[in-house]
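Asks: Sequence lines, in order, name chains W and V.
Residue numbers for the first sequence follow the numbering used here, beginning at 1 and rising by one.
Residue numbers for the second sequence follow the numbering used here, beginning at 199 and rising by one.
Calculated directly from the structure, the hints in this document are not laboratory data.
Some hints could be false.
To be verified - Derived CB-CB ranges, DEER-like:
1) R357/V / P175/W: 43 to 53 Å
2) R200/V / L198/W: 42 to 52 Å
3) R77/W / G370/V: 24 to 34 Å
4) F100/W / K398/V: 31 to 41 Å
5) K161/W / D435/V: 17 to 27 Å
6) G405/V / L198/W: 49 to 59 Å
7) K161/W / R357/V: 39 to 49 Å
8) G504/V / D184/W: 12 to 22 Å
9) R357/V / R77/W: 35 to 45 Å
10) K442/V / D184/W: 31 to 41 Å
11) D379/V / D78/W: 48 to 58 Å
What the hints assert, rightly or not - No more than 27 Å apart at the CA atoms, straight line, and that leaves these computed lysine-lysine pairs for DSSO-like:
12) K505/V / K161/W
13) K412/V / K503/V
14) K367/V / K123/W
15) K367/V / K398/V
As the list claims (entries may be wrong) - Under 10 Å between C-beta atoms, here's a sample of chain W residues computed to sit facing chain V:
16) E87
17) A151
18) G173
Note that the structure is a prediction, hence the values are computed from the model and not measured.
Backbone N, C-alpha and C define an ideal beta-carbon position, used for all residues, glycine too.
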Amino acid sequence: MQIAQPLQLAIEELSKLPSIGTKTAQRLALFLLKSDIDKVNSLTSAITNLKEKLRFCSICFNISEEDVCEVCLNHKRDRSIICVVEEASDVIAIEKTNEFSGLYHVLGGVLSPLSGVDPNSLKIKELLKRLESEEVKEVILALNPDTEGEATSLYLAKLIKPIGVQVTRIARGLPIGGNLEFADEATIGRAVINRINL
Amino acid sequence: MRLNYIKLNNFRIHKSSEINFSGHLNYIIGGNGQGKTTILEAVYYLCTTKNYSSSPDSEIVRFTEKEFEATGLFSDLTENKVRVYYSSEQNKKYYFQNDKQIYRAASIIGLFPVVILTPGDHSITQGSPGDRRKFIDSIISQASDTYLNYLLDYNKTLRHRASLLNQIKETGNRSLFGQLDAWSEKLIITGSELISAREKFAVGFNGYVSESYKIIMDESEIPQIEYYTLEGKYDGDYKERFRKLLESKRNEEIRRGANLAGPHRDDFIFGINGKNLKTYGSQGQHKTFQVALRFAQFFYLKEKKGKTPVFLLDDVFGELDSKRSVRISEYLKLVGQAFITMTDFSDISNLTREEDDLIIKVANGAVSYG
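So that you can see chain W by itself, here it is in the shape it has in the complex (with noise of 0.2 Å):
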């Protein structure tokens, strides 16, 4: 089979992408091949302008075009709560929710001593200095459920409190709009264990 390098080459380069396939990146790169010139080119400036004109916040560590990101830019958002989170993606899925208007605070990761991840290798120092120049009254702990996270919450947890700011930690239960009989066993065991007085 021979095909045509220039075509192979984009292919191949697709299909580094995660959850791309080379039937997929195939199909991309025809795709692409059959698009106009104009098309091709705003995809290409798209994904150059992110490399370009992107980098992390100074501030929370968030994705951000200047030095300080929007939202700590913003003045309209609430300065007093600063919501923790492990990775930009996080952000970006409490940001949708429009349900939080405070600041954030990206941490790179969590606490792993079985792959040697510590606390100088994550963004606890800078948040530590955030909460005692800023007039911060709460930190809210947004980790992942899971061992690594819960214990990074305790950590946390526990350097914060003596500074004097309320810490809280997201809930965790079911799935709104979703049916009982679809969560699995241990979602709904939890839920029972934590439920709230009406």
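Got chain W sorted already, so can you dock chain V onto it with the hints?
Replies: Here is chain V on its own, set in the frame of chain W:
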């Protein structure tokens, strides 16, 4: 749930065997090494996709052959055909339910509950605390997914914490203590869930064991299971006790680089009339206790899961006197369907048999009905 039929191809000594089972008691009789236990092994395999002994799949393949296959027909509300096929050339196992391939073994687990009594059970009453924890954990996990999740979470916490303790031991770095506090807190939170579930289980399971023991033995002997956690008997305030114990062990934990306090060191002490079975029990009392534990497991799972498990008994009568053997065979009638291996015909002559009970003779991998 009932198992009506199995077919074995190149499954250990069985070149090609087909067996139609009775819905009541199935006595599987034959000499040593003739393929009796293999039939139980195959049933267990069909129920769980796993081998109950730790031998790898490749060893199950009949000598000089390259693949094995086992098929079973279960009936409950509907009929279920289950088939396992293993090829040693691909070193791969295929599992089919009603001719549809099942890719996730986890989706089978719990579908066909099974309880097996083997001579290896002696470790439950005579072995280490770890053997007893494994036995108890396997029962609670089968009945509760929430428990299984806490157990996995706890074990992962133990591994992280051990790694951290080792780092402290090697570097002597005191700045790691803050992290240790967090992992200790995590250990206490998750461990407390295990302790409370085990205590609740031990109390409930005690009733099942007493009932079973009473039927096999006389009423003069009363069995007990006592739950020991955090270096003592269970009491209500285990969270605070856990915390204090961890504090007192701190230096030793760092010196040894190991987790020294928590439910991973729990024990369940078995006793008869208040006397410790492990210390004072006779061989017969041990065996009787092991049998009672498996019967208790059977009735516990039957009630919790609302599904009758398949009951497999490997060489249960070997070490028991005829009086107890008769009682067990009577007790088995309450179970419904069971599979029992025996080496001797003389054993069976003592037992009370019903018309529906089946005798299956096994000789050199060939099956006939007696």
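Asks: Between the alpha carbons of K367/V and K123/W, is the straight-line distance 27 Å or under?
Replies: holds, 26 Å
Asks: May I ask you to test the hint 35 to 45 Å on the CB atoms belonging to R357/V and R77/W?
Replies: At 40 Å between Cβs, range holds.
Asks: Return holds or violated for the Cβ distance of K442/V and D184/W against the range 31 to 41 Å.
Replies: holds, 35 Å
Asks: Does the Cβ pair K161/W, R357/V satisfy 39 to 49 Å?
Replies: violated, 27 Å
Asks: Between K412/V and K503/V, is the straight-line Cα distance small enough, at 27 Å or below?
Replies: Holds: K412/V and K503/V sit about 24 Å apart, inside 27 Å.
Asks: Could you see if the CB distance from K161/W to D435/V stays within 17 to 27 Å?
Replies: holds, 24 Å
Asks: With a cut-off of 10 Å, does the beta carbon of A151/W approach a beta carbon of chain V closely enough for the hint to hold?
Replies: holds, 4 Å
Asks: Starting from the range 24 to 34 Å, see whether the pair R77/W and G370/V falls in it by beta-carbon distance.
Replies: With Cβ atoms ~44 Å apart, the hint is violated.
Asks: Between R357/V and P175/W, does the beta-carbon spacing fit 43 to 53 Å?
Replies: About 30 Å separates the Cβ atoms of R357/V and P175/W, which means 43 to 53 Å is violated.
Asks: Does the closest beta carbon of chain V sit nearer than 10 Å to the beta carbon of G173/W?
Replies: violated, 13 Å
Asks: Quick check on E87/W please, does its C-beta sit within 10 Å of some C-beta on chain V?
Replies: violated, 20 Å
Asks: Could you tell me whether the CB distance from D379/V to D78/W stays inside 48 to 58 Å?
Replies: violated, 31 Å
Hints 1, 3, 6, 7, 11, 12, 15, 16 and 18 from the earlier list are contradicted by this structure; the remaining hints agree with it.
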